[in-house]
Each structure stands twice: as structure tokens, then as C-alpha cells.
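For the record, the sequence lines run as chains V and R.
Read in this note's numbering, the first sequence has 44 at position 44, and its numbers run on one by one without any break.
Adding 1000 to a residue's 1-based position in the second sequence gives its number in this note's numbering.
No lab work stands behind these hints, which were simulated from the structure alone.
In this text, all values refer to a predicted model and were calculated from it rather than measured experimentally.
Where is the CB? At the ideal position from N, CA and C, for every residue including glycine.
Check each hint, because a few of them may be wrong.
Said to hold, decoys possible - The calculated lysine-lysine pairs, modelled on DSBU-like cross-linking and capped at a C-alpha distance of 30 Å, are: (1) R:1158 - R:1132; (2) V:24 - R:1634; (3) R:1255 - R:1121; (4) R:1122 - R:1499; (5) R:1693 - R:1479; (6) V:24 - R:1041.
Unchecked claim - Partner residues aside, some chain R positions facing chain V, computed with beta carbon under 8 Å: (7) 1329; (8) 1332; (9) 1333; (10) 1334; (11) 1335; (12) 1338; (13) 1342; (14) 1519; (15) 1520; (16) 1521; (17) 1523; (18) 1524; (19) 1527.
Unchecked claim - To list a few chain R residues with every Cβ distance to chain V over 10 Å, as calculated: (20) 1083; (21) 1170; (22) 1179; (23) 1189; (24) 1320; (25) 1559; (26) 1638; (27) 1650; (28) 1670.
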Amino acid sequence: MGTLIVAIILFGLVGFAFYVRFLKKGSKGSCHECADVGCPLADRAKMVKNKRMKA
Amino acid sequence: MEMSSLALVGNPNSGKTTLFNALTGSNQHIGNWPGVTVERKSGQLKSDKSMIVQDLPGIYSLSPYSSEELITRKYLLDDLPSEILDVVDSTNLERNLYLTLQLMETGIPLLLILNMMDILKKQHHRRINLKKLAYILDVPVVSISALKKQNLDQLTEKIREKDAEDHQYAYPEYDPRLESALSMIQDQLTGQLPDNELRWYAIKVFERDEAVSRAMSFTDKQQREIEATIKATEKIFDDNSDSIVVNARYDFIAKIIEMCVVDTDDFKMSMSDRVDRIVTNRWLALPIFVLVMWAVYYLSIQTIGTIGSDWVNDTLFGAWIPNVTTSLLNAMGVAAWLKGLIVDGIIGGIGSVLGFLPQVMMLFLCLGILEDCGYMARIAFVMDRIFHRFNLSGKSFIPMLIATGCGVPGIMATRTIESEKDRRMTIMLTTFMPCSAKLTVIALISGTFFPHNSWVAPSAYFLGMLTVVCSGIFLKKTKLFRGAPAPFVMELPAYHFPKLTNTLQSVWFRAHAFIMKAGTIIFLSCVVIWFLQSFNFRLQMVDQNHSILQALGSFLAPVFAPLGFGDWHATVAVIAGLIAKENCVGTLHITFGGSNAGFVDALRSTYSPMAGYAFLAFNLLCAPCFAAIGTMYKEFGDAGWTWRAVGYQTLVAYMVATIIYQSSQVFSANFSPVGLTVAILALGVVVYGLFIKRERPDLGINVSA
Chain V
1 MGTLIVAIIL FGLVGFAFYV RFLKKGSKGS CHECADVGCP LADRAKMVKN KRMKA
Chain R
1001 MEMSSLALVG NPNSGKTTLF NALTGSNQHI GNWPGVTVER KSGQLKSDKS MIVQDLPGIY
1061 SLSPYSSEEL ITRKYLLDDL PSEILDVVDS TNLERNLYLT LQLMETGIPL LLILNMMDIL
1121 KKQHHRRINL KKLAYILDVP VVSISALKKQ NLDQLTEKIR EKDAEDHQYA YPEYDPRLES
1181 ALSMIQDQLT GQLPDNELRW YAIKVFERDE AVSRAMSFTD KQQREIEATI KATEKIFDDN
1241 SDSIVVNARY DFIAKIIEMC VVDTDDFKMS MSDRVDRIVT NRWLALPIFV LVMWAVYYLS
1301 IQTIGTIGSD WVNDTLFGAW IPNVTTSLLN AMGVAAWLKG LIVDGIIGGI GSVLGFLPQV
1361 MMLFLCLGIL EDCGYMARIA FVMDRIFHRF NLSGKSFIPM LIATGCGVPG IMATRTIESE
1421 KDRRMTIMLT TFMPCSAKLT VIALISGTFF PHNSWVAPSA YFLGMLTVVC SGIFLKKTKL
1481 FRGAPAPFVM ELPAYHFPKL TNTLQSVWFR AHAFIMKAGT IIFLSCVVIW FLQSFNFRLQ
1541 MVDQNHSILQ ALGSFLAPVF APLGFGDWHA TVAVIAGLIA KENCVGTLHI TFGGSNAGFV
1601 DALRSTYSPM AGYAFLAFNL LCAPCFAAIG TMYKEFGDAG WTWRAVGYQT LVAYMVATII
1661 YQSSQVFSAN FSPVGLTVAI LALGVVVYGL FIKRERPDLG INVSA
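Next up, chain V with everything else stripped away, as it sits in the complex:
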């Protein structure tokens, strides 16, 4: 029983992770937000402000 419960939770998480990363509309399949990965030429203050506005 314990195995079944944990397996359901675990594979549920696997499915959810797959969905969030690859299938969800607007999901980022790769890192491309400047605030996420850093950019030496972008204005950091603006990036932080934009990120806060989006959140």
C-alpha cells in the first residue's frame, strides 16, 4: 500500500514536471529571460522591475 501511494505521488510529480516544462502554454522550454540568466548589457534595475511587474 505504501509503495502504491508513494509511486502515485512520485509519478504524478513526474507528469506534472513534464507538463509544466514542455506542455503548459507559455512555458519556457529553455531559459531566455534576462532576469533569469543574467545579461551583461541589460539594465539590471529595469530587469528587476519588469520581473516584479510580471509577478
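Use these hints to put chain R onto chain V, whose structure you have.
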């Protein structure tokens, strides 16, 4: 309701988007300009919903070269907005006014907005007489600070005033000899165009603008007369037609500055200039850069970052989490295979990646401080000087700087490179720079094999740069990429003290993205890898040495033998690294198993230090992750070029790693004939490509059979 459109135009970094956001609030619509991937933003004016503000890309001129310039030009000439809102950086008036003059030539009503007045006021040494400026240009002028939201009411008032009135503004008048020539060309255009557009098209015809000349329909007689006019004017000025116009505009700007701008100091070096004299000095720039990067990696990988990483690896993911999880799973009576998946696969795999989070965060902090203070922008300038010596352009280095965060935006940033050859070459070379994902591999190798050597981690960064330079030298000699380097002009932002809150927040955003990646892609990869290493092809649970993963790894392992890591563990780690570079670390941990200390001991006993460094070099330089490869394909628009790039990167990685490992074996007199032969061949190819191969001169001779 009749809608009127306002075009928001200006140089890059003049504050257009800040003003756009202030004027439109949340009433925005975001899309793409047709045919290009440049973002298109429009929105309704907050105070008057009948006015649509179109935010156009930042441009320095209306020449027809870059996609941004073409978009703005097309929009102004075809869509004919009611008014142009020309946003000008008042701290940089001379440069910004060039575009203003070009915009005025289009005949569209213009409102000149002097932005960043708050910064100009702080400078104390310069004042602009707005009334004189408005008088000379015969356009309304408003001064604002979009960032501080100062004077926006006055701006909105002016916009609505202009909408109500019908005023024809005079064009800037240039040298009388040029004006005479333009007048003659305008006579030839009369009838083909509305009166208010005649001047702009006359200037373009005079400049021999190909797009405009094609669009006009001239008779042969008209063509001859226009050409004669242009040639005569060129003879008078002893210059080309487009240079004549450029000089005329700058002469006009000089007059404006003389009349409207008051400088209290003739020339005073700012703090930024003084610092730049040292930091971008011809001889000191590179050593300073090397020292700075060494310090960054030393602080993050060797010292401060290591303290946190040791605790996370040894205590959190080494003891607490596995012990608590194991107890819980035992109490629930969970099956052994599932326990193994959770504890050894998921916790072990993700834990080994997250174990480097403190080091990675420290690195983000150091790089963030350098970016925020303005130093990283100088690096592009410094590298341009070096790149030009090898027929490369510093413009190609910008995407590589961006790629130190992530290769995907770095590859996308190559869109700013006009030359298609240079652009393709830059796409191929960009991912040689270590991205944040590769930091985990750097941290693992330097921490495991070279714990007391502070040069190993920064050497990875410099190895990437050296590979970029050497590859550039070689590729520029080939038929596919040869050509003169593009000129490089960039704006250096002023130095300023980094704001700690902004930097820390940025570190948090990047760390959050790192954790999210671990929680998704790395998590999924760990599950798959654990299954592959726990089951055989008959789906029976087996020891890892009889598993699917071992079979796949062993099949490819001999390929990596000359590199010093020809076993299945490292081979599958390299392959898993194609999903995400952090997977190299997670995969190694899963396949070797055990606690963190056991994992480190297993690595040290399986591989020599130089084999570890060769593994690092290979993963640093080989084909990037699938996300970056996908982006390369999108940017190339061609599968052939994508395969060429991936093939080239992997080949270079293989050669470099082989040379590194086999050189160490030669020094220790412990080499194999096969490995040495491969290394000598690789070295031969490198030497030929860099020093012997000559670029074939283009004699302009066409030979046909």
C-alpha cells in the same frame, strides 16, 4: 471614434519604453512586426483613448540596413502616423539629434521630447535652452523625466494640443549648394508624391538609396538629370553624396548645440572616463580582466561559495534528507526499488546539482556586481581590439558575453549582426563560453580534482574565450566565413555603484530559475537515468553493471578513451549533458552512487586529475544542450548549418580534450600509442588551421568552363 496614431521613436536607451509604459499604463498590446522577430508594442494613451502610441525599435538613423531601422522607416512612410514623438536623451543631445533631423525630413509632425532631464540637472555643467531649441527647429519641445514621471502632464497636454492644430513645420535647411541640388531633384519628383514627402524622398534619391530609387518611376531623361545633379554636387563638395548629407546634418547639429546648449566646463573628465583610462587601456585591459575573473571564480568556487556547498552536499543532501526520507519510506513499507529511485536516483541526482547552488549563487553575485557597475560592457570593447587583430569583430563578442548566463539568449542576440557570414560564425562559437549550467561541472571538477588550485575554475572561462578566438581565426580563413570584420560601435554606460538590493534580487531570480530547472528537467532526467541504470533490456531489475545504461555507455566509451575518461559512467554523463549540462553532475552521482564523500572518492579513484580536466574541457566546448541546439536551428533556419555547428563544436571539444589529456600523459611518460596518435593528429589540425592555412585572396576573376 477617430483614432490617431503616435509613433514613439528614438535612439536605443533614450527611455522610449519607459515613456511608453508611463503613457499607456496597462493598456498595451504586444506582438511582432511582420516578417521579423522584433517585438511590436502599441497601447492607448491613458488620458485619451483615441490616441494609439506605437513603440518603435530603438534606432540611430533611418538608413535601410538593420531590421529595426527598416521597421521604423516602413512604419513612418507607409502607415503615416499622425505625429512622431521623438524621445531624445538630453545628456547626449548631439548624437540623438541626428535621428531627429532625419525624422523631420519625413514631413510628419514631430514633438521633440528631451528625456532624462533629471540626470542632466545633476550633471550641473550643461544646460539646454528649450525655447531656443524649439525656435531653431520650429518644433514643440518638452523636457521630461520618464523614469521619475516628471512633467508627463505637460507632455500629454502638448500631444493633445498638436492633435487639435494643423501646423506645417519648416525643414532644417542645410548648405545652400546641397539645398539647390535637393530642390532640383524635388522638381523631378513633383507629381509622384504628396508635397510633404518630397523632401525626404529627394534626400534619399540624392543619397542613391536603392530601395527608394527602385520605388520611383523616372524616365530616362529624368534619371540622367538626377545623376548629373548628384555628380555635380559631389564634385563641388569633393565627397560622396551620402557623406555630403551626413556632414550637412552634423553641421546643422553643431549650430544647434552652439546656440542652445550652455556648457559650464569645456571639457572635464568624468569619473567613468578616468576609470576607463585604466580599465580599457591598451596594455592593462586584458591583465585586469584576467585578474577580475580569477577573483570572481576564486571567491565563488574556491572560498566563500565552497563553505555553503560543502554543507549542502555533505549535511543537507548527504545526511539529513536521505536519512529522513529513508526512515519515512521504511516506515511506510515502500518497496526497495522505489526507495532506490527516490533516495539514490532523485535525491542523489538533484542533490548533487543543488549542492553547487551556493557556489553558483556566489558566482551570480560577483558577475551581477560586474554587470551592474558597467564593467562587463567594457569587456566587449576590449575584446573588439583583440578580435580585430584576427579579422573578427567585437560585435560578435556581445552574444558571447550574454551566453555566460545562458546560451539561448546569447544565440538569439546574434540577430544584431548584419553580416550573414559573421552571424553564422558567431552562432557556432557562442556556446563555447561557459554558461551558468556548465558552472556545476566546473565546480565539480575543480573541487574534486584540484581543491587547492584557484586557477582551474577561471581557466575554464579563458579556455572558452581562447577557443572562440582560435576558431574565429581558422573559420575566417575558410570560404564559408571569410570577409572583412564589421565595424563596431557601442555605447559604454557610465560606471555606477551597483545597487545591492537590485543585485541581490537578480541573484535570487537566477537562483530561482536554477532551482526550478533542477526541479523539472534535472528531476525528469534523474528518473529516466535511474531506470536505465537499474534495468536491463528485458526490463528486469539488475546491478548497474548489467543495465541498459551500462550497455549504451560501454558501446560509446572507447571513443573517449584518448581523452582519459573512456568508461561508461563518463560517457553517459556526456550524453545526459545534452539534455541539460547540469545532468553531467547528476548522472555521475547516480551512476557512482553513495554519499557525497563517497562520490568524490569514487571520482578520484576512477579518473586522474587531468582526465577530470579533459572531461571538463570536453563538456565545456562540445555541442550545447538541446534547448541551445534548437535555438541554433531557429536562427540558422537550416538543418544543414545546425548539424555543421554541432559537428564543429564536438570536433573542437574532442581535439582540445585529447590534446590536454595526452599532453599530461606524455609528461608523465604514461601514454598509449593510439591516444598519442589521435592527439598528434588533433594538434596538427589545430596548427594547420591557425598558422599554415592561408586565406585565399579574392582576385575577382571568374573562370567558367
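Numbers of unmet hints, in rising order: The structure breaks none of the hints.
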